[in-house]
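Visitor: Given next are the chains, with one letter for each unit.
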Amino acid sequence: MSVTVEQTREEISRTLDMALDSGADAAEVLVARSEKRTLKAQKGRISESEISSTRSIGIRVQRGEQLGISYSESWGESDRRKMVEMALANSLHTKRDPAQGIRVSQDGPYLPDCSAEFSEEQVPLEEQEALAVRLESEPMARDRRVIVVPYSGLNVTSGESFVANSLGVFCTDRSRLYSCYTYALMEENGIRADFGESSLGRRFGDLDVGHCAEVVCREAALRLEAKPLPGGSYDVIFQIDVLEALLESFDLMFCALAAKNKLNPMAGKLGEKIASEALTVWDLPRKPESLRKSYFDAEGAVPEDLRLLDRGVLREFYHNSETAAFFGVPSNGRASRHPKGPLGTGGNCTLVEPGEDAGVRSGTFLEIDDLDGLHSGCDPISGDFSLPCKGKLFVDNQMRQAVKDVTLAGNFYRMLREIQGIGPTLRPATSRSFFAPDIRFGKLSVAGD
Amino acid sequence: MLDKQIADKVLEAGKSTGADYVEIFAEQSYRSSLALLSSEVENCQSGIDAGVGVRLVFGEQVYYGYTNSMEEVDLIALVFAQKRGRGEGAAVPALRQLEINQVHPCLEGLDRDVPIPEKIEFLRLLDQFARREDRERVAQVRAGVNQTRQRIQVFTSEGTMAEETRNYIRCILSVIAADGSRQSQAYEGPGALKGWEFVRSLNPEELAGMVGKRALVKLGARSCPGGNFPVVLQSGFGGVIFHEACGHALETTAVAKKASVFADRLGEPIASSCLSVVDDGTLQGEWGSSAFDDEGMPTQRTQLIKDGILKSYMVDLVGSIQTGYARTGSGRRQSYRYAPASRMRNTYIEAGPCSVGELIASIPYGLYAHKMGGGSVSPGTGEFNFSVDEAYIIRDGKVAEPVRSATLIGSGAEVIQKISMVADNLELGEGICGSVSGNIPVTVGQPAIKVDQILVGGDEE
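In the order they appear, the protein sequences are chains A and B. Every letter in the first sequence is one number past the one before it in the numbering used here, and letter 73, counting from 1, is 73. Every letter in the second sequence is one number past the one before it in the numbering used here, and letter 46, counting from 1, is 46.
The set of hints was computed from the structure by calculation and includes no laboratory data. By construction, the Cβ of each residue, glycine as well, lies at the ideal position given by its N, Cα and C atoms. It is possible that some hints are incorrect.
To be verified - Derived Cβ-Cβ restraints for the label pairs, each shown as a range:
hint : chain 1 : residue 1 : chain 2 : residue 2 : range
1    : B       : S201      : A       : N189      : 18 to 26 Å
2    : A       : P109      : B       : E71       : 42 to 50 Å
3    : B       : P105      : A       : K273      : 52 to 60 Å
4    : B       : E158      : A       : L111      : 47 to 55 Å
5    : B       : D111      : A       : L92       : 14 to 22 Å
6    : A       : K273      : B       : R151      : 23 to 31 Å
7    : B       : K306      : A       : R414      : 28 to 36 Å
8    : A       : D305      : B       : E268      : 53 to 61 Å
Unchecked claim - Some, not all, of what chain A presents toward chain B, calculated at C-beta under 10 Å:
hint : residue
9    : D79
10   : D97
11   : L426
Stated by the list, open to error - Partial list, computed: chain A residues near chain B (C-beta under 7 Å):
hint : residue
12   : S47
13   : Y71
14   : S78
15   : H93
16   : Q106
17   : N264
Let the sequences and hints guide you as you build the complete structure.
Guide: Rendered as structure tokens:
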């Protein structure tokens, strides 16, 4: 299913014309195209191989102050016409809101240079298969206590996105991402422990199987010795991937759309101190090392760097054109949308500024390297969370004990105010879309032994 | 949808690669969703998902490919992109349409849709009744309904042709209560393998009142204490404890890889003797049901555990090849974008002899989990967790004050040994389960049960 950029552009243009000819005042089209290969190994050979090629198209149509949405995975002219008709029919029932509308305009196509995000290399299938097999075999070779590597795999995903509207916007970008993961199950003396690690990059050579194997073996072995802690209050430092996941669970706090809809507990608090003054947080759409770059948002607006929290003071929300109009501020190019969904707001690459506390890892603290159940144990409205966790108890930066079978509970928004210290060294998360130093949160509640 | 003659040619192409088994899954799904927020229609959208997945099985090796195209040339190319054809291979038997023995009737699906203004009116009623609980403190209400009409075709190199149209509907209600700087939310999501007639069977006043009250109770609740307690889990969505604690570990997805704590334990006592558990894809009109599984096999009722003894796993085609166990019609997938895997359907603990009152009266100090949230599990270690959405302290055999932010964690293999009492009020609750073959509708269910000891996480101030 090979389709050129020009073909897609022509199909988009005809779809926009259909919408305007059918009575829309304005229309906007999103297209997402993806090609993917996945390889998994079991018992020393490739056990699963998957390839795919898909395209989705979504449309928003505006009629007066009403918007309608529809999408299709069928690309024939009649299918796209039906999609337009559905969107127009849907628009008749949505609320009238002067803030919503298709507003972003452009004088010509925006075709950013995506060469850094899309490697043209052709990696032979044999090399890819060999890497997939190593993801299973290396942990087992490193430590005989590894009884099975039930989940491992290599993914190569190439994507292309298009945003276009009837006001002249036409943007397209493309990217390719290589990712691999391995998850080892270890057993000794009847006790089982597990750990998973992944590696990502823009080139095949960026993938580090050896590192993944080393980490899963080391950490699973530590977990074999893990024990609960006595219940009580502990200072906590989250391992960076865990911190990223936790912040994502509460990123509603930066969402202007949630504020407009009375779902954001930080609504009305711009300019207020909501966190420790040691905390400054940025959203950086084009950080060079980031794997989540954004050249344009889901409306075609170009985003710039955004300081969300400035020394604990809430400075910005993520805005699209609708929320910007509602709040009477300029849009900051943070519209988010998939072809099949409504317009929302969201960020790109998050950076927490390093601090000056060289002693952030002094004394006694719990380093959390696993938080389960984030999808169900976090309440972004109240900020409450109660989550099972695993980690390590440190005293003066020396590990004393691996920890498991405990839960960590607290209130996220209170936690931000009670930061004890922020370290000086910035690190990337595995995703390379989150960068942060060590952050020490004070006195969180642990239930355990 | 997919022409039978094209399917024949794709199956032949697949067999020419030397595959032992070839399967085509074609799908066309029409989806519609409507959402009210701040008492206005926030979102009204619809769309069509369409595509084909082709699976080639060589012994225990699986090759899978999918595309949006239903053209013969693209599907043949998809086959040969996975494996080169040798131009030979066993001929494919003539395709025989499987008769549907189970029927899940749908009166008002998206092909006979109810006018949108009628749907909006129902959502407005939910909004009004929820706000009526406390006009000052109910700060926001989100009411929505999502419907899907999924048409699927499964063609196999064994000559099977199965076609089914599944109509799903789910009503979503979320209420946020606020009091000064404090906020809380509550949620319900009833659903069924039915059309709009399911919504007609709901009582909006009762549903909205229940959710509104729960949000207000949570608003005033103190933090849950942490520690090891006896816990009573109420019926219905309380069944998520078995789903997370044990269910995933009984899928051959995990068992075949020996990544399950229950692998190689058929016929052994794995649970308390008062526990019997069923996974049933035949329950008429239930959210997790279907006539066929997504491999074209008629669904079944599978007794997983009987009186504490492990009787069966949930077995899909590849799981059957890997383990030698007979298939149970448990092959499921979110869409054509996924190869199927063994998954749960409607999974429930069977009713027992006790009353709910007896369970609570047996506990001097513990927790009553009236409404569960979601959870997750690591099948390889058996460690599970789930959140409690509405909970109360039990004190001296009586339900006492409400508490919030409770999480239950433990080991699946241990917790099912600690179920000591099972009540007689079996109910089911709807949810979405995410795993290797995507997000699928499932129900969980149980009567109220008592677990003698489980670790409760809390943030008592």
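Visitor: Checked against the structure, which of the hints given earlier come out wrong?
Guide: Per hint list: 1, 2, 6, 7, 11, 14, 16, 17 violated.
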